[in-house]
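The opening position of the sequence shown corresponds to residue 0 in numbering that gives the first Met the number 0, with each subsequent residue numbered one higher.
It is possible that some hints are incorrect.
The following label-pair restraints were derived from C-beta to C-beta distances [as the list claims (entries may be wrong)]:
no.	residue 1	residue 2	range
1	Thr174	Asp92	43 to 49 angstroms
2	Asp194	Val132	22 to 28 angstroms
3	Arg139	Val29	33 to 39 angstroms
4	Gly36	Lys88	21 to 27 angstroms
5	Val132	Ile180	16 to 22 angstroms
6	Lys173	Glu198	36 to 42 angstroms
7	Glu130	Lys39	18 to 24 angstroms
8	Glu188	Phe32	27 to 33 angstroms
9	Lys88	Ser158	21 to 27 angstroms
10	Asp92	Glu188	38 to 44 angstroms
11	Gly94	Thr174	17 to 23 angstroms
12	Ser158	Thr208	36 to 42 angstroms
13	Gln118	Asp175	28 to 34 angstroms
14	Lys195	Asp20	18 to 24 angstroms
By construction, these hints were calculated from the structure, which means they are not laboratory data. It should be emphasised that the depicted structure is a prediction, and the values quoted were computed from it without experimental measurement. Yeah, the Cβ is synthetic: ideal placement off N, Cα and C, and Gly gets one too.
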Amino acid sequence: MDQLDSSQYDALVAENETSLDLPSRRCTGVNFFANLGDMKGLKILDLTCQPGLVSLLAWWPTSAREKSLSLNYAGNQAMMDFAFQNIAKYLKDGGRFVSIIPSKASHGSRDQWPGLDEQNGWYGAGKRIIEEVEDGYRARTIFFTNPPLEFDNSDLKHSVYFRAAKGAGLEDVKTDAKEKIPSPFKGGEDQAYWDKYLERPLFDIITATK
């Protein structure tokens with residue numbers, strides 16, 4: 000199968016905000032914006048399967064959302080190449096690309112994957128392997144909301160992203176631009192709680208420039 004079910008994402012968009020308070024999602028958001036940096040006076044190009052969520056969260060009077068496009072989750076190198084060609088097409092010269100991708104920790108032993116416990120998940124999120132594909136896996140992600148949200152996605156090696164980004168003409172492609180930081184504490188959370196998660200986070204941040 001080379002294309003994922005778009006109806007899953009149509010349904011997910013309407014319910015997505017219910018997952019934003021999950022610990023793993025909060026941590027992802029904090030690190031995304033840490034990598035994005037100061038956006039005052041800049042225009043935001045939101046390339047996402049969600050309805051401009053990043054743009055809305057980043058909204059300032061001095062910052063404008065220029066265009067919102069919907070890119071399908073890429074399931075192989077060819078699809079990833081196409082996605083990055085679109086990204087490069089709409090970025091201005093000197094523009095920066097920042098995105099959330101699956102953690103490279105996912106490509107060690109499958110027995111060590113965080114989140115494979117479908118009953119408890121990992122900081123509010125779980126994952127089930129559907130099948131092995133070239134350069135990775137097709138997986139089902141589960142957000143432990145009420146009711147739970149489930150959708151299929153591809154968990155590919157980082158080399159797939161790097162090849163696509165460089166092939167599209169982007170430069171300075173990296174996934175370690177900034178050290179990961181914890182989300183602000185809530186409830187009974189403390190530094191030890193987040194240190195445990197950051198040893199095996201569910202995400203990495205990829206950045207590049209045009």
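Each hint, compared with the structure:
{"no.": "1", "hint": "Thr174 to Asp92: 43 to 49 angstroms", "result": "violated (23 angstroms)"}
{"no.": "2", "hint": "Asp194 to Val132: 22 to 28 angstroms", "result": "violated (33 angstroms)"}
{"no.": "3", "hint": "Arg139 to Val29: 33 to 39 angstroms", "result": "violated (25 angstroms)"}
{"no.": "4", "hint": "Gly36 to Lys88: 21 to 27 angstroms", "result": "holds (23 angstroms)"}
{"no.": "5", "hint": "Val132 to Ile180: 16 to 22 angstroms", "result": "violated (32 angstroms)"}
{"no.": "6", "hint": "Lys173 to Glu198: 36 to 42 angstroms", "result": "violated (21 angstroms)"}
{"no.": "7", "hint": "Glu130 to Lys39: 18 to 24 angstroms", "result": "violated (45 angstroms)"}
{"no.": "8", "hint": "Glu188 to Phe32: 27 to 33 angstroms", "result": "violated (19 angstroms)"}
{"no.": "9", "hint": "Lys88 to Ser158: 21 to 27 angstroms", "result": "holds (23 angstroms)"}
{"no.": "10", "hint": "Asp92 to Glu188: 38 to 44 angstroms", "result": "holds (42 angstroms)"}
{"no.": "11", "hint": "Gly94 to Thr174: 17 to 23 angstroms", "result": "holds (19 angstroms)"}
{"no.": "12", "hint": "Ser158 to Thr208: 36 to 42 angstroms", "result": "violated (19 angstroms)"}
{"no.": "13", "hint": "Gln118 to Asp175: 28 to 34 angstroms", "result": "holds (32 angstroms)"}
{"no.": "14", "hint": "Lys195 to Asp20: 18 to 24 angstroms", "result": "holds (19 angstroms)"}
Violation of the numbered hints given earlier is confined to hints 1, 2, 3, 5, 6, 7, 8, 12; the remaining hints are satisfied by the structure.
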